[in-house]
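Chain by chain, the residues run as shown.
2 protein chains.
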Amino acid sequence: MSTTSSPATETTPEQLETVLAAAATAAPAWAATPSTTRARALVAVADALLAHADDLVPVGMRETGLAEARLRGELLRTAVQLRLFADTVVDGSYLDVRIDEADPDFALGARPELRRVLVPLGPVLNFAASNFPFAFSVAGGDTAAILAAGCPVILKVHDGHPGLSLATAAVVEDALRASGAPDGVFQTIVGQDAGVTALRDERVRAGSFTGSLRAGRILADIAAARPVPIPFFGELGSVNPVFVTGQAVEESGEAIATGFVGSVAGSAGQLCTKPGFVYLPEAAGLDDTIRTAAEAVPEHRLLNDRITAGYAERRDTILGTPGVRVIAEGSLRVDADGDGWATPTIVAVSIDALRTGRDRLLDEAFGPLSILVEVPADTPLAPLVAEFCEGNLTATLHAGAEEMSDDLVELVGQLSAHAGRVLFGGWPTGVAVTPAMQHGGPWPATTNDSSTSVGTAAITRFLRPVAFQNMPDRFLPAVLRSDAVGIPAAVAPAGASKQWGEAATA
Amino acid sequence: MSTTSSPATETTPEQLETVLAAAATAAPAWAATPSTTRARALVAVADALLAHADDLVPVGMRETGLAEARLRGELLRTAVQLRLFADTVVDGSYLDVRIDEADPDFALGARPELRRVLVPLGPVLNFAASNFPFAFSVAGGDTAAILAAGCPVILKVHDGHPGLSLATAAVVEDALRASGAPDGVFQTIVGQDAGVTALRDERVRAGSFTGSLRAGRILADIAAARPVPIPFFGELGSVNPVFVTGQAVEESGEAIATGFVGSVAGSAGQLCTKPGFVYLPEAAGLDDTIRTAAEAVPEHRLLNDRITAGYAERRDTILGTPGVRVIAEGSLRVDADGDGWATPTIVAVSIDALRTGRDRLLDEAFGPLSILVEVPADTPLAPLVAEFCEGNLTATLHAGAEEMSDDLVELVGQLSAHAGRVLFGGWPTGVAVTPAMQHGGPWPATTNDSSTSVGTAAITRFLRPVAFQNMPDRFLPAVLRSDAVGIPAAVAPAGASKQWGEAATA
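Taken in sequence, the protein lines are chains Y and F.
With the working numbering applied, the first sequence covers 1 to 506.
With the working numbering applied, the second sequence covers 1 to 506.
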């Protein structure tokens, strides 16, 4: 994207040291900032981003090739996400406060009073993604969750949209400063060297990342190999399998075919939840609908030249694999500016061809390409998951409205063993930002499938528990004091331990 | 302990394959077992252990040198812990169920229905500890949490108490079988090779460990370097600093001195929460009380020859460090059977001597040794934490009943930044098994300070979230269906998103 990106100067070692020192200094101050103040700062950032939409969106369009409507929607999502975390902070449930009352008659002898709460980890290094220049970048979900948790953010800018990144960062910094947040609570760094050096620095206490499996594995290994290892939350790759039954085809085949192409084509398929494989009945009769829909999709620019090159290679490999039948060949061209442009490519393979060509076919193709897998009639679907699916962010079942069988129940069980979100009907693209969302799944979808990067549970990645034993109010964090109001707490009353186990056997 | 331990045959590669296959087979069956059945099985194990106390305790005494009262108390703790997890399973809060109602008027467009729940990870490899032959071994806290979570256990027996391990395992297996638990839900393996091979096996989905920093780091690195990395929860080492103010010495110096020696001497100091460093005022005048109390402690056998050798080396190093003043030299001898026996060794150093000798002094001494650090009057205490303390399981403050200062507030803040449990008064040994307990802390106390190995929150280590989107009841896990009763759930009602952020700015 050299022709469309503003230059962003790489962070020097001296600058990085200043950033790390400022983040470490800001950490206790931000952690001690009252939750209402932190929440107001998040809302202020949300409002400032929306107020600057007309400045930011055109820069994003230039640098990423994404459409105006998509970017305006994404900016709104980014603001809504900041506001959701603001409410999460004020609500306080995320602190998981637990209080054991002192109990002289505890089953194992006298029990002390214990008050447990989650506390911020400290500075977090957040590697921005290329494919969501707002929602998974400078002011995106990770930044919102990190700030909400009470941790400073060191944001490693993605080189795919440097101009937008720096413009967004200026908006964020101004809004935080005006809200009274301490200096150093949000800072950006530029360049791969600075990112890797920061990940190794002892002042950085956690990392978050959205990007390729290759880069994510390298960074996860660095985080794990430190003298003091730190948690690293990487979202790496997912092919999001979809299973369609014959009954579903009968009831709504045409809608499935057009919905599928829409989900593959949106944002030129550069979404981590793009459906990469659709297992459907042989001779389902949907080829023409799919081809027509795919051929109606206008050319869409790809995010950057690395993604164009990667997509070209995956597409060539797939098209060159024996047994692959082209339904819609789509296009891929590089223009005079070096930008890649593509329309959807949809192919089909038999189960046998998939089995033979698995090493060429099963990896993610990041871009507007998807593979239909044609399943012979009466083939049990559940075993296909173990045979062909690694870990995924999502998995989807299209079945008849009332359809039910042991195989389908087993299939849903297998899908939930291989994905973090399992859909009935619909398509996995378009991730709702809500309290119950799960965006994370077994490796290689994420490095840590006990976490999510979307939804309110994302905040827990940046917290750890501390229990205070017999601690007087004057030394407790405010949320644990006897006069704390409105903080949800799970209280274990004195005397209860004598009955432990009776609930289980009643 | 060759003279006192029963032989335990190392698991062969063929046997290990059988164990791994059985665990993988048991995983979906145990995960699908209703929570009440799982809970009853845990209670049955608890009852069976207590019923076999007279068989098990003497074996434990022979193999570990621990006293009868300690082992009977520990067995009761182990049973109570199983019962606590039984109630945890029945209660269902641990599932963190979240439900977003479908919302056509969601802030970002129509929102699907989402139902999120935590599901079991699959087979977990649990490395038993030597120092709690019941509570952190075969049927200990990790086993209870793993089974409660719905995961099969592969228990790597500690070679310090092989006879007790196999006898305990037989009790556990019988109780589980009688409760209808699937075959393969609890199995033991013997030998370091089998443990390492299992940790690398793709069927194993998580590891837990209590032991040395050296071994724990090796295992954590293996878990992180797998083609598919898995979570590894290791409890490694902790020196549990204690800070005593002059006011505390004035108010209760004698009680602090005798309480300190009791905490160091118990179980011959072979506890992960033993207070290894006590920062107290210079010339506090407690030397005689400490010496008298320490010299009154009878000789106690050490757990095994590795621990004897390690303790001898650490003790020699500390006693040979310039500036170390002996208060009670204690004893350490190896008897004709090769067993080590010790009485408490208490030494004192100045701040300056600690600074000069930090490389020799700051590491954990696993055994009945503790170091008093003599702090000149008017020295701020809070900065000592950053200078001398790494991560710890616990940290303790003894201050006056009404004492208060900015330095003490800052000290408690520093202690909570360096430990998972912060005590006011009392001693860190004797960990209560309760809902609010936190037993885990920053590296090197644990590999993962967002987790605990004691208390109900320990169950979450072995679970991951799955969200079901628009999924009909017939395909949902029972706890998520519309007719599920008694499962606590956080519901996000339709319409609420329009007000997100208002709570924060109200």
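Just so you know, these hints were derived from the structure itself, not from any lab.
Here a beta-carbon is modelled for each residue, glycine too, at the ideal position from N, C-alpha and C.
Check before you lean on any hint, since a few could be wrong.
As the list claims (entries may be wrong) - Covered stretches of chain Y, going by a simulated chain F footprint (3 or more residues, C-beta under 8 Å):
(1) 38-44
(2) 166-180
(3) 242-249
(4) 258-268
(5) 445-454
(6) 484-498
The hints, checked one at a time:
Residue count for the segment 38-44 of chain Y with a Cβ under 8 Å from a Cβ of chain F: 4. That meets the three needed, and the coverage hint holds. Here the segment 166-180 of chain Y counts 0 residues with a CB under 8 Å from a CB of chain F, which misses the bar of 3, and the coverage is violated. Using a Cβ-Cβ cut-off of 8 Å, 0 residues of the segment 242-249 of chain Y lie near chain F, which falls short of the minimum of three, so the contact claim is violated. Coverage of the segment 258-268 of chain Y by chain F is violated. Counting CB-CB distances below 8 Å, 0 residues qualify, and the rule asks for three or more.
Counting residues of the segment 445-454 of chain Y whose CB lies closer than 8 Å to any CB of chain F gives 5, so the stated coverage by that chain holds, three being the minimum. Counting residues of the segment 484-498 of chain Y whose beta carbon lies closer than 8 Å to any beta carbon of chain F gives 3, which reaches the threshold of three, so the coverage claim holds.
Hint compliance for this structure: hints 2, 3 and 4 are not met, and every other hint is.
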